[in-house]
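Chain A is already provided as a structure; the job is to place chain B on it using the hints.
Chains as they are written, first to last, in our numbering: chain A, 3 to 262; chain B, 3 to 262.
In case anyone wonders, no lab produced these hints; they're calculated from the structure. Just so you know, these numbers come straight off a predicted model, no measurement behind them. Among these hints, one or two may not hold up.
Given that identical chains are not distinguished, each listed pair holds provided it fits within a single copy or across any two copies.
[To be verified] Computed list of lysine-lysine pairs in DSSO-like fashion (alpha-carbon distance at most 27 angstroms, straight line):
1. K126 - K109
2. K126 - K164
3. K4 - K126
4. K164 - K4
5. K126 - K195
6. K4 - K48
7. K4 - K240
8. K109 - K4
There are 2 protein chains.
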Amino acid sequence: MKFARFETNGWESYAVVEGDQLRVIQGDLFGQHHFTDARYPISGVKILPPTRPKSFWAVGLNYADHVAHQVENLDAERITRDAQTFRPWQKGVSSIIGQDDTIVLPKESDYVHYEGELVIVIGKPARRITPEEAPNFILGYTCGNDVSGEGSWSNDPSNWRKKTSDTFGPVGPWIETDIDPQSVDIITRVNGKENDRGSTSGMTFNCYETVSRISQFVTLHPGDLILTGAPGAVDGLKPGDVVEIEIAEIGTLRNPVAAE
Amino acid sequence: MKFARFETNGWESYAVVEGDQLRVIQGDLFGQHHFTDARYPISGVKILPPTRPKSFWAVGLNYADHVAHQVENLDAERITRDAQTFRPWQKGVSSIIGQDDTIVLPKESDYVHYEGELVIVIGKPARRITPEEAPNFILGYTCGNDVSGEGSWSNDPSNWRKKTSDTFGPVGPWIETDIDPQSVDIITRVNGKENDRGSTSGMTFNCYETVSRISQFVTLHPGDLILTGAPGAVDGLKPGDVVEIEIAEIGTLRNPVAAE
Chain A
3 MKFARFETNG WESYAVVEGD QLRVIQGDLF GQHHFTDARY PISGVKILPP
53 TRPKSFWAVG LNYADHVAHQ VENLDAERIT RDAQTFRPWQ KGVSSIIGQD
103 DTIVLPKESD YVHYEGELVI VIGKPARRIT PEEAPNFILG YTCGNDVSGE
153 GSWSNDPSNW RKKTSDTFGP VGPWIETDID PQSVDIITRV NGKENDRGST
203 SGMTFNCYET VSRISQFVTL HPGDLILTGA PGAVDGLKPG DVVEIEIAEI
253 GTLRNPVAAE
Chain B
3 MKFARFETNG WESYAVVEGD QLRVIQGDLF GQHHFTDARY PISGVKILPP
53 TRPKSFWAVG LNYADHVAHQ VENLDAERIT RDAQTFRPWQ KGVSSIIGQD
103 DTIVLPKESD YVHYEGELVI VIGKPARRIT PEEAPNFILG YTCGNDVSGE
153 GSWSNDPSNW RKKTSDTFGP VGPWIETDID PQSVDIITRV NGKENDRGST
203 SGMTFNCYET VSRISQFVTL HPGDLILTGA PGAVDGLKPG DVVEIEIAEI
253 GTLRNPVAAE
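So that you can see chain A by itself, here it is in the shape it has in the complex:
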């Protein structure tokens, strides 16, 4: 099932995606709720980021192919060392944008790249859970783009502006509850051209492992999002581009790019 969050006439709600229609859900998606008979055409509403998370986590360097790509472009010794450790970090909720929202390139950055990723959506409060228990705490999955400023920023001792600048966290278009998270392909297109394709089967730390490991120290809350890493090569974005992250079983996250 696909759950979307949308806005129409200044009013926000969750809905179930039924073909090209949204069927309105009344109540709390993460608690008591029921399906109504009210429907809106998707084309007539604004699709919002699928949740309002308390925390927006990310796990970097989580695919061998991506690590190999980054080693060619960045500090090889650091990348290789970091890739061996589970090291989630907070992308920051203030970076979040949704479907069709614009990625704005900061005027200080000389190179901003896309990273198409599978995103975990937490469904229930999770603390000290095992990988085996993790599926019970996950509501579903969406698409994400871990937009990253590199170039002259690559040697910053912290990733705060590289990774958490405003608009650097596109997620959406909606949540799919019924996929096997380790057997979907992530396709990244820029201006309609396929730039990268990789299977989530290549993750170093899989989704259940990731949720379990974060939950050993931090409570994950309903609606929290976790970016699970880019599978392969990444490349720069320029004003006027349109970047799409497609996971066929979920949908396609699409964002235009503009200069500040």
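Below, chain B alone, put in the same frame as chain A:
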């Protein structure tokens, strides 16, 4: 003026602190609101963390005395290099606890220390503002404890469990709107004994500079909190301790410590 957030009988509200009483505020503290005539004794309610921030930022290594202390205990080369750069990071809202809430020492950590700090409370959305404009975007200040797990965790390539573990973010007890943030003393006591005292005049990046610099890349939202760094020495906490962070012009943040 002091603004506190509190709970009584399952009901939450903001209030103005008047001596040992809380005078209830109706409306949105960050927007339209007015003072009512309803009052509660502070001793009869639960004081909550002073805001529900979207983002909880921190600036580390922001005092020369603290850097000198950390150089003795940790990787001197890294600490010295990092202290020269403005490098905020996200503490994570899921770590936040309030007055009298318990700091829980994770069973995996062999050394957890306190860091008493001044905390900036954002009052209005701030983006690309100058240090001169910053006071207009700050509502006030509170006390914070940047609880940190070190020891065997010190060499983690990310600070996610060192700094963002559950209960590692005590803040409170309330917001003071009328202080000069660069001329207050921060006193840290463990079990009533003063362990450290330092003036905020020693900050490398002062509060207005900090807000301005973060806002160049990230929108700060009303209620967002920024820890501004520990002024001096830090030391370990053990089960049964009570740690207090006092800034006389604001109040005293007090938290007991327990094993998991």
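Hint check:
Proximity of K126 to K109 under the C-alpha cut-off of 27 angstroms is restricted to the inter-copy arrangement: shortest distance 24 angstroms between copies versus 39 angstroms within a copy. In this assembly of identical chains, K126 and K164 lie within 27 angstroms of each other by CA distance solely across copies; the values are 24 angstroms between and 30 angstroms within a copy. In this assembly of identical chains, K4 and K126 lie within 27 angstroms of each other by CA distance solely inside one copy; the values are 18 angstroms within and 36 angstroms between copies. In this assembly of identical chains, K164 and K4 lie within 27 angstroms of each other by CA distance neither inside one copy nor across copies; the values are 32 angstroms within and 36 angstroms between.
For a Cα distance limit of 27 angstroms, the shortest separation of K126 from K195 qualifies neither inside one copy, at 38 angstroms, nor across copies, at 41 angstroms. Taking the shortest alpha-carbon separations for K4 and K48, only the intra-copy value of 16 angstroms comes in at or below 27 angstroms, while the best inter-copy value is 40 angstroms. For a Cα distance limit of 27 angstroms, the shortest separation of K4 from K240 qualifies neither inside one copy, at 32 angstroms, nor across copies, at 47 angstroms. When the C-alpha separation of K109 and K4 is checked against a cutoff of 27 angstroms, the pair qualifies neither within a copy, at 37 angstroms, nor between copies, at 39 angstroms.
Hint compliance for this structure: hints 4, 5, 7 and 8 are broken, all remaining hints hold.
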